[in-house]
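Q: Protein chains in written order, with the numbering used here: chain A, 1 to 246; chain B, 247 to 414; chain C, 415 to 1018.
Read the hints as simulated data drawn from the structure, not as lab findings. Just so you know, these numbers come straight off a predicted model, no measurement behind them. Please note that a few of the clues may not be correct.
Here are the computed lysine to aspartate or glutamate pairs in the EDC-like style, where the Cα-Cα straight-line distance is at most 20 Å [said to hold, decoys possible]:
1) K652/C - D361/B
2) K511/C - D531/C
3) K83/A - D531/C
To spell it out: a stretch of chain C is covered by chain A in this simulated footprint if at least three of its residues, at any positions, have a beta carbon under 8 Å from a beta carbon of chain A; those stretches are [claimed, not checked]:
4) 584-596
5) 915-927
Just so it is clear, CB atoms sit at the ideal spot from N, CA and C, and this is done for glycine as well.
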Amino acid sequence: MKIMIDEREVMAYPGEAILEVCRRENIFIPTLCYHPAFKGQGACRMCMVEIIDSRGQRKLVASCTYPVSDGLKVITSSEKIRKIRKTLAMLIAGRAQASPFAQKMAGEYEVKPFFFKGFENEKCILCRLCVNACEEMGSAVLAAVSRGVDKRIETPYAEGAEECIGCKACAEICPTGAIEVKEENGQRIIWHKTFDLIKCESCGREFATPEQIRFIEDKTGRKIEKFLCEGCRKRQTAEVIKEFSV
Amino acid sequence: MVKVADEAKMLADIREILDNYPPEERYILAVMQDMQKRFNYLPKAGLRMLAFYVGVPLSRVYAMASFYKAFSLTPKGQYVFRVCDGTACHIKGSETLIEQLYKCLGIRPGETTPDGRFSIETVNCLGACALAPVVVVNDRVYAKVMPGDVEKIIREYGGYAHEGKNED
Amino acid sequence: MKEKMKIESSVNKIMVCCGTGCTANGARQVLAAFMDRLKDNPDFAVVPVLKATGCNGWCEKGPIVKIMPQDISYCHVKAEDVDEIIEKTLLKGELVKRLLYRDPVKKEFVTSIHQTDFYRKQHKIALRNIGEIDPGSIDDYIERGGYKALEKVLKEMTPDEVIEEILKSGLRGRGGGGFPTGLKWQACKNTPRFPKYIICNGDEGDPGAFMDRSIMEGDPHTIIEGMLICAYVLNAEKGFIYVRDEYDLAVKYLGQAILDARERGFLGENILGSNLCFDIELVRGGGAFVCGEETALIKSIEGYPGEPHDKYVFPTEKGLWGQPTVINNVETWANIPVIILHGAEKFASLGTEGSPGTKVFSLVGKVVNTGLVEVPMGITLREIIYEIGGGVPEGRQFKAVQTGGPSGGCIPASHLDLKVDFDTLTREGSMMGSGGIIVMDDTTCMVEVARYYTNFLAGESCGKCTPCREGIRALVEILTRICKGEGELSDLQLLRDISEVMQEASLCALGRTAPNPVLSTLRFFEDEYIAHIVDKRCPAGVCPALTTFYIDPELCTGCTLCKRNCPVDAIKGEAKKKHEIIEDKCIRCGECYRRCRFKAVKVR
């Protein structure tokens, strides 16, 4: 099907969200809680756009969750949209006071953060990408707990979770560096739990936890013979492909 | 300290509650309601067993337990003072009642006295607006409560005197 | 009026109101006393029937005991009064005058509550059976025409005809959204996927509202019948009633009603010999205001935290477990059987063109007759508050009326002639919502009211989307500092800017309407905000940091009322002598200010 984005006609597929089409077409829409690996969450609301419906009425929608339909008209920037993004930047920077990312964003939108009391050390913006990552790649030990203004990301009872494999997929996806990971003396401390680290058999870099290896083995049903970090594994695969192509 | 026998009894109780429901996600809420009623809170073991029983991560069950107001993750007091802070009660002075309770019991809403006898909670609306302000202690409803009544009500349950000092 | 009034025909029904209000005032003890005295009582040739009914609505006068068929109503009945009622009224046919309602204007005793101003202006559809039947008895419901509408649709109407009838009635969702019910059903019927689900939203959570509670507690079968009619239309097999677990009586009676309906063949397979198979499950909510939002409620039934998601695809297409689903609120369901049985025209003849029918309101706050009222839509706020509600008590002055709960707004005296319907109130920045009407007098601080509602939502928002969560956090912080006297004039613009973005960008209706209390008070009571910010004064005497009370010696009569009610003994003075407030001890709770009958307690 065809849809119009900012007066430009583009192709879209049924089931896609506006944002997905925009990403493919290189049309910029700011996001905080979106990652192409997951479904749109509609949580951060930075990606609000205006649409013009069949009756010609303008409506504000979250582009990460609004499904495309044939002939849909989308406006990605307007006075209203700018005001929303500015205000959200002001609030997010006011919350995540210890996050350089959030402060920089407020600067880019030229707003003065509304500094909330008691958030001096906060970095988290509650985008929940870590929760998604933990669910998809880890063992689903993270959740957005409590509700309202007390919402926060936690492991159950704020203690080390039995099921946590220390893969730090959560920390890697976090846009604001809000998840603390300590790596020293061959150990990794994350989410109230300490893990041993395994060294890469090729380059010697510490790269994974035994729990993580076991988790992958269980999931794939195949024993990992040689512990290689991502870089070395890629190099090895490249070698194999080279051999085949000769 | 929880005695071994108590713990065995608790596990048996949890088992009994779970057995009333099929192992499906949609019964998580109902199981939690039953556990809350039985134990006055959601024990850790209960949440673990529930998660295992319906086959979802503990984090999901914990998120639910912390989301819904009916549940408590720590044991509540023997007598729970629920002060209605619905609009009708609010404009008729429920906040003063909360202050009075604090003066008498030394605890704020959401807290329990160290001896585990009293807890205070605020509830949004008990739907008894015509009787505002309302305080409910366990199942008993006190209507049109005045600040001066608070101490009397506490005494009915063998409670404290002034300034959070234990009378007995 | 004669001292004795003869009562004609023999007594056959004693109805004790056991709604929440009356129960809290001791109705159960009254019921028990009757039961005790009537049991094996040799004085009666025919022992009267004793019934515990749902809420009569006039909670202010409870416990209420009605005696039928003579239609005598006794107010504020205590267990100690039971002997006298039996002796005089039931056996001798005399009235117990001291228990009758006395009209405060005409100073006359009124035999039946149905003859009072409180009831006369009302028109009961959704509440038609409440107070008249024992909610635990399916026979009572059937006796009053219950399940006749179901029979009618099964025998005489096609599903499309039912939808046509509901569309013609113009019924709109009573939960607050006001979406036309017929269109909702039609959309769901037109979605060609099965199974379809039907949900009754009984997660009433507005602080200051108890309409749905009364219906669930007082007439549970009407909800079941409404859902059954929808089930016939959609060919649905499963329904859910989601009810707040705190409403224990509602849970009890609904559970009982479902069992009884199954036993009588109104639920289950081949209902009344037709092809309709439908059953209902009761789901006890976990206590979350946001679950009143459809998508959150669905999540909750599925076994997740009640976080809403974008509703770009309606539940009628993709609802519970991704299946087509109709969700209506309790009061909406209660209207369905009446529309079917008495026809759409009759229903639509009540109310206004855009909002036909009646609406149940809970009338509370600073009003004489607190309670539950059902009135035709289009009635003015003035009629509700003054003619039915009896105005503001204790000679205080009316200041504002709050409608629509935390999503609604405050309306000032100048707007009291507004018609109450879905569209008018929304235009004025409030909303009818699910039907809470809270009257506020001059001892209510409007800035504090805005802070109260916003703070309520701070704990009740699901916390998922940024504008709602962080926006509310900001509003609370600003309002709190204004109440403390630390606000600045620039705060007012900031409140407006943040509110606007919340209205436009929030994920669900909770967030989009959350700023309404702030915006409506800013619109109508900006002077109070300015008094807090510039003059550092709370004109209503509510905000402790900005309030000092004193007793005007000219007006004080030394009645000691204030002194007796002061929780901290901060008032000195002997009886019949001038009283004085000890400022160091005063906690500024305002108890003396609100209580003084001579307006001698003043706010500085």
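Q: If a hint holds in the structure, say so; if it does not, say that too.
A: Now for the hints, and whether the structure bears them out:
Proximity of K652/C to D361/B is assessed by CA-CA distance (about 47 Å); at most 20 Å being required, the pair is judged violated. Taking the CA atoms of K511/C and D531/C, the gap is about 19 Å. The hint holds against a cut of 20 Å. For the given pair, K83/A sits about 51 Å from D531/C by alpha-carbon distance, which is inconsistent with the 20 Å threshold. Counting residues of the stretch 584-596 of chain C whose C-beta lies closer than 8 Å to any C-beta of chain A gives 0; at least three are required, and the coverage claim is violated.
Coverage of the stretch 915-927 of chain C by chain A holds. Counting CB-CB distances below 8 Å, 5 residues qualify, and the rule asks for three or more.
Against the hints set out earlier in the document, violations occur for numbers 1, 3, 4.
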